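Q: Everything in the sequence shown is counted per our numbering, starting at -16 for the first residue and increasing by one.
Careful, some of the hints might be misleading.
27 Å max Cα-Cα, derived DSS-like pairs, lysine-lysine [what the hints assert, rightly or not]:
1. 140 x 9
2. 241 x 223
3. 223 x 305
4. 1 x 140
5. 102 x 1
6. 102 x 223
7. 104 x 140
8. 241 x 1
9. 1 x 104
10. 174 x 1
Derived Cβ-Cβ restraints for the label pairs, each shown as a range [unchecked claim]:
11. 241 x 293: 23 to 29 Å
12. 47 x 225: 42 to 48 Å
13. 186 x 91: 32 to 38 Å
14. 15 x 140: 41 to 47 Å
15. 84 x 208: 44 to 50 Å
In short, the hints are calculated from the structure, not lab data. All values derive from a computational prediction rather than experimental measurement. C-beta atoms are modelled at their ideal positions from N, C-alpha and C, and glycine is treated no differently.
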Amino acid sequence: MSSAVVGPWEVDPDLNRKDMPNAVMKAEALDDVFSREAANIAITHGYVTGFANARSTNDSAIPHDRRLKNFVMRFPDADAAAAVAPLLSSADRFGPGPVSPISIAGHPDTHAIAGVSDKGKQAVAAFTARGPFVLYQWGDASSTQTAAQIVSATLDKQIPAIDQFQPTDVTELVNLPRDPSGLVSRTIQQKEQRSINSAYAYDRRGSLNFALDPIAMAAIEDDAGVELMSAGVATVFQTKDAAAAARMVAALITLAAKGRPGQAGATPTDPIPNLPGSQCVADENSNTCYATVDRYVIEAGQRELLDAQQLAAAQYRVLQSK
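Using the sequences and the hints given, assemble the complete structure.
A: Following this line, the structure appears as structure tokens:
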């Protein structure tokens, strides 16, 4: 489903800063998105699963901070989705004051509310039933009008995206292969799975949800022909061929050197011992090492350089042995 969820940066290129962990959303995590009452309504109406992403513009270089959370929820069928959308809008609450209904331009079937967020921004929350899905957007900005425009622009893209998505039948979800490509089994995982997003392989579009700079990464992955990304302790990208993998490493290092607004870029440091062609970079917070195995790109980030080198080397051996 992650590949069918529109990224905030696709709505507004300035919405490019990670605002919360982008994630597969289990039912018990809905309290992190909605009020307790709204979360319970979603669960009692058969909430199946969903995927959420969020980005903001809260860099000092960008005035009039804006934020967008986009969340696609799956319900058992279209009737359940149609029934729950208005109930969620009626039950959801946020911020210190009251909320009121608001219309979303171009989307008369959307149920939306407006109010003031906990951070004092003008916020709009919207719920739209579409087949077995409910599309949820949260936009906040300096004005209600701007927040509503963010929501409307997101729906303009999210509705056709979800209409093109072919969901697995709910009764077959338990039989859905977790690792059909085998890439996850070739990626070093945490001893204890700390994130619901790990131990999965994502296609090119889905992988962008986890990128620090999804706009830049989209260009890099397109050039390399990335087919899959698997994230565990290390991250492995499956590209179209060995030459593409080498280009991707060079591009990732160039991207790391640029840094983020207000942050210094990464600089070269010692490569992985006894691994020709490997490269490592360091910034103020971490060290990241890169290597390739045929068409696979390894990215291994750790606080200490030695740990990053050892992780990348271990991942290299795993990919070579299978």
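Q: Residue 223 and residue 305 were given as a pair; does the straight-line alpha-carbon distance stay at or below 27 Å?
A: holds (18 Å)
Q: Using the beta carbons of residue 186 and residue 91, state whether their distance is inside 32 to 38 Å or not.
A: With Cβ atoms ~33 Å apart, the hint holds.
Q: Do the alpha carbons of residue 241 and residue 223 lie within 27 Å of each other, as the hint requires?
A: Answer holds: residue 241 to residue 223 is near 26 Å, not above 27 Å.
Q: Taking only the CA atoms, is the gap from residue 102 to residue 223 under or equal to 27 Å?
A: Given pair residue 102, residue 223 is violated - Cα atoms ~45 Å apart, limit 27 Å.
Q: Compare the distance between the alpha carbons of residue 102 and residue 1 with 27 Å, and conclude whether the hinted pair is satisfied.
A: holds (17 Å)
Q: Is it true that the CA of residue 241 sits at most 27 Å from the CA of residue 1?
A: Distance ~17 Å between residue 241 and residue 1 Cα, so the pair holds.
Q: Given the proposed pairing of residue 1 with residue 140, does the C-alpha separation stay at or below 27 Å?
A: holds (20 Å)
Q: Take a look at whether the Cβ-Cβ distance between residue 84 and residue 208 falls inside 44 to 50 Å.
A: holds (47 Å)
Q: Holds or violated: residue 140 with residue 9, Cα cutoff 27 Å?
A: Roughly 24 Å between the alpha carbons, so the hint for residue 140 and residue 9 holds.
Q: Kindly confirm whether 41 to 47 Å is satisfied by the beta carbon distance between residue 15 and residue 140.
A: The hinted range 41 to 47 Å is violated for residue 15 and residue 140, with Cβ atoms some 24 Å apart.
Q: Using the beta carbons of residue 241 and residue 293, state whether their distance is inside 23 to 29 Å or not.
A: Distance hint for residue 241, residue 293 holds at roughly 27 Å.
Q: Would you mind confirming whether the straight-line C-alpha gap from residue 104 to residue 140 stays at or under 27 Å?
A: holds (24 Å)
The structure shown violates the earlier hints numbered 6 and 14.
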